[in-house]
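Asks: Those sequence lines, one after another, are chains A and Y.
If you count by the working numbering, then the first sequence holds residues 1 to 202, one letter each, in order.
If you count by the working numbering, then the second sequence holds residues 1001 to 1244, one letter each, in order.
One thing to keep in mind: the hints can contain errors.
Claimed, not checked - Below are the DSS-like pairs computed for lysine-lysine, each with C-alpha atoms no more than 25 Å apart in a straight line:
hint	chain 1	residue 1	chain 2	residue 2
1	Y	1094	A	11
2	Y	1038	A	184
3	A	180	A	73
Source of the hints: derived by calculation from the structure; they are not laboratory data.
Just so it is clear, the structure is predicted and the values come from calculations on it, not from any experiment.
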Amino acid sequence: MIMVKEYSPVKSAITASQVAGELYRASGIARQLSLAAKNSQAVVHRAGSKVAGLKVISEYFADLAIKTIKLAKEINTISLDISHMAVERWRQNTLVEHLNDSQVKTKNAAVDIIIKDTKQRQLDLNNRFNVEIRSLESQLEEIQQHMQASRVVAVSFRLEATQTDEYQEILEDMAKNIDKFSEKIKQHVLDAKSHINRLLQS
Amino acid sequence: MEAKLLFDDKHQWYVFARDPDKPEKIIDTNQYMVVSGKESIVLDPGGIEIFSSMLSTILKFIPLEQITHLFASHQDPDIISSLGMWDQVIPKAKLYTPSLWEGFIRHFGCENIEFCGIEDGGGELRIGDTVLQFIPAHYLHSSANFHVYDPVAKILFSGDIGAALEPQDSSLFIENFDSHCDKMKFFHQRWMPSNEAKMHWLKRVRKLDIDMMLPQHGRIFRGKEIDQFFDWFEALNVGIALDS
Ligand SMILES: [Fe+2]
Ligand SMILES: [Fe+2]
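Bound conformation, chain A alone (with noise of 0.2 Å):
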């Protein structure tokens, strides 16, 4: 049987709770980011062909917005369920300490089973918690590469504004915006991954 690390279910549903504050915070803030992507979308569209070029980043930046407001929900939903998890496994620790006591003071065979099932039911708990975090890792993970990604693409959405002329000031502004929300929301998930490691690392 491969043994699998068992870390404490108050740290992990502490973690877990954490994350989702931080992905909550996050949220917000990709809020604010598809509003400022959507106030771009529609001057692009009154500037007209002048500003061709910006038509396409600033979709870019609408779409992502939404992708990471879905990404933040589906980690709340992990962050929640890992967070259940945690506390049940308490549950069954706090109960397998008692049913050892009582087995110290009476040994009885049908305890015996009742903690052999409980423990198997802990190891399963476990197994299933260790993918989970894997999984929330990996999504931590894809939102941060986009925010990094839209870093990037705010640097060139700036050049462009700087081609136009009457709107200039308003798209570069926005360009500036854009690229404030996507640090904040990394730094969110960075701090959301920090918890992790320190569970991971505990």
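The hints should help you fit chain Y with the ligands onto chain A, whose structure is shown.
Replies: Relative to the frame of chain A, chain Y with the ligands by itself:
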């Protein structure tokens, strides 16, 4: 779990409720949190089944270290059976709850959290820059029972008083007082044991200046619905099981 900011000035009141992950046969509960400065108190943190949802929801708004106090209006499982979990997550916190219930509530597990008993007459507690009052509500329904009043926000947390039994997805606020009474009637008649205690409580809370009354089940009362509730409750005969 739904979260909503109810009051936002120098300090904040939040409600956490309508948890979709809650097992079906468990009574739906409203949890509240007051945040002031670097401290905060969770009022009736709830049962063990909603613990993980509560923790996740709270951490959306404040970091773990800022959960400094818990309050349990009385000893019921839907109020505080999660204590054993909080005890490990926020070991430095303090629990304020009726002194009379100490020996009972400790059955939920309270090894780290400091147990701070409230004596029958009530009292006050400072959370950050906010002073909260513990208003006696004994025998409504529990024999030692407190509500929490915030004179600045003009909010009364009323525990099981004002509770209603409703479906999971119902609104947080009362929309129609008259139809809401049907959902409160049985709860108060059957769970509240004493008309004398009821009148005692009414006399006390009618003197308070209240903009919002927050029950632990059901919907939030605002403005004139509060006086309407007091009048409705006054006229209601409680303790009906004795007639059955
Ligand atoms: Fe109760
Ligand atoms: Fe209750």
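Asks: Going through the numbered hints above, which ones does this structure break? Give me the numbers in ascending order.
Replies: none
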